[in-house]
Amino acid sequence: MGKSDKKKKKDKDKRGTDKPRVVESEDWTGIRFRDVTLDSARLDNVSARGWVAKDVDWTDLRLDDAAMPGAAFGDVDLSKLKLADCSLADAVFKDVDASNIKISDANFSGCELADVDLSRASIGNVFAAQIKLRDADLSRLDAGDIKLTSAVIDDCEAPDLKLQNANLAGASLNDVALTGATLSDVDLTDAKLTNVNLQNVTIDDANIEGLTINGHVIADLLADRSDSKPPND
Numbered sequence: 004m005g006k007s008d009k010k011k012k013k014d015k016d017k018r019g020t021d022k023p024r025v026v027e028s029e030d031w032t033g034i035r036f037r038d039v040t041l042d043s044a045r046l047d048n049v050s051a052r053g054w055v056a057k058d059v060d061w062t063d064l065r066l067d068d069a070a071m072p073g074a075a076f077g078d079v080d081l082s083k084l085k086l087a088d089c090s091l092a093d094a095v096f097k098d099v100d101a102s103n104i105k106i107s108d109a110n111f112s113g114c115e116l117a118d119v120d121l122s123r124a125s126i127g128n129v130f131a132a133q134i135k136l137r138d139a140d141l142s143r144l145d146a147g148d149i150k151l152t153s154a155v156i157d158d159c160e161a162p163d164l165k166l167q168n169a170n171l172a173g174a175s176l177n178d179v180a181l182t183g184a185t186l187s188d189v190d191l192t193d194a195k196l197t198n199v200n201l202q203n204v205t206i207d208d209a210n211i212e213g214l215t216i217n218g219h220v221i222a223d224l225l226a227d228r229s230d231s232k233p234p235n236d
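The number in the working numbering is simply the position in the sequence shown, starting from 1, with 3 added.
To be clear, the hints were calculated from the coordinates, so they are not data collected in a lab.
Nothing here was measured: the structure is a model prediction, and the numbers come from that model.
Glycine included, C-beta positions come from ideal geometry on N, C-alpha and C.
Just so you know, not all the hints are guaranteed correct.
In silico EDC-like cross-links for lysine to aspartate or glutamate, where the CA-CA straight-line distance does not exceed 16 Å [to be verified]:
no.	residue 1	residue 2
1	Lys97	Glu115
2	Lys165	Asp148
3	Lys85	Asp68
4	Lys105	Asp145
5	Lys97	Asp118
6	Lys195	Asp157
7	Lys105	Asp120
8	Lys105	Asp93
9	Lys165	Asp190
10	Lys105	Asp138
11	Lys135	Asp158
12	Lys85	Asp158
13	Lys135	Asp157
14	Lys105	Asp148
Computed Cβ-Cβ distance ranges for the label pairs, DEER-style [stated by the list, open to error]:
no.	residue 1	residue 2	range
15	Val155	Gly127	15 to 25 Å
16	Thr182	His219	31 to 41 Å
17	Lys135	Pro162	16 to 26 Å
18	Leu214	Glu160	22 to 32 Å
Given only the sequences and the hints, what does the whole structure look like? Please build it.
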């Protein structure tokens with residue numbers, strides 16, 4: 004056995020055959036991934052500014068305390084990915100499978116997401132102001148403690164969505180299917196909903212001041228209806 008073979012064997016023995024390698028405190032600025040498999044990888048405290056990833060398998064990848072501003076993801080499978088304490092501000096996601104993804108304590112402000120599958124994802128304590136989201140599958144998404152101020156959400160399917168303690172002030176929602184969705188403790192101040200099906204919707208404990216549907220101020224309609232009721236005998 005030559006020296007190089009001995010060195011390879013030694014390196015292999017040190018890493019172990021079935022233990023994922025842990026990368027900590029690395030600067031991977033500007034790195035590009037294409038047709039890569041990162042099975043069970045874990046990246047801690049990583050700077051990944053300007054990443055470009057295409058056709059990448061991230062099976063069971065875990066990112067902790069990572070900064071990825073301006074990253075671009077295309078045709079990427081992010082299902083079962085775990086993100087914690089990460090910044091992906093201004094990142095671009097296109098044609099991405101992120102079903103069952105788990106995200107906590109993350110910054111997605113200014114991100115653009117198109118043709119993204121977020122079904123059955125779990126999202127908590129996320130800052131996502133001014134994101135642009137279109138052609139997305141949000142079915143059974145469970146999201147809480149999320150800020151979506153001035154977000155633009157267009158042409159999305161969101162049946163059985165669960166959204167709680169969310170701020171959508173100034174957001175714009177167009178052609179979003181919310182069949183069976185549950186929204187609680189949600190701020191929709193100055194939001195605009197277009198081409199929305201509100202059939203059989205139930206609203207409880209709501210501030211409807213200024214709420215306008217099809218040009219009608221709902222508070223005024225309710226007041227007129229109350230005034231027109233005959234007095235009780």
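- Distance restraint between lysine 85 and aspartate 68, which requires alpha-carbon spacing of 16 Å or less: holds (11 Å)
- Item | Pairwise beta carbon distance, lysine 135 to proline 162, judged against the given window 16 to 26 Å | holds (22 Å)
- Item | Satisfaction of hint between aspartate 138 and lysine 105, Cα-Cα up to 16 Å | violated (20 Å)
- Is the distance from the Cβ of valine 155 to the Cβ of glycine 127 consistent with 15 to 25 Å? holds (22 Å)
- Message: Would the hint linking lysine 165 and aspartate 190 be met if the CA-CA limit is 16 Å?
- Response: holds (14 Å)
- Item | Pair hint outcome, lysine 105 versus aspartate 148 [Cα-Cα no greater than 16 Å] | holds (14 Å)
- Quickly compare the C-alpha distance for lysine 135 and aspartate 157 to 16 Å and report which way the hint goes. holds (8 Å)
- Taken at face value, is the distance from the CA of aspartate 158 to the CA of lysine 85 at most 16 Å? violated (26 Å)
- Is it true that the CA of lysine 105 sits at most 16 Å from the CA of aspartate 93? violated (19 Å)
- Query: Can the restraint linking lysine 97 and glutamate 115 be considered satisfied, given a maximum Cα separation of 16 Å?
  - Reply: holds (8 Å)
- Message: Run the distance test for lysine 165 versus aspartate 148: straight-line Cα separation, threshold 16 Å.
- Response: Given that 16 Å is the threshold and the Cα spacing comes to 12 Å, the pair holds.
- Item | Straight-line alpha-carbon gap lysine 97 to aspartate 118, limit 16 Å | holds (6 Å)
In terms of the numbered hints stated before, the structure departs from hints 8, 10, 12 and 16, listed from lowest to highest.
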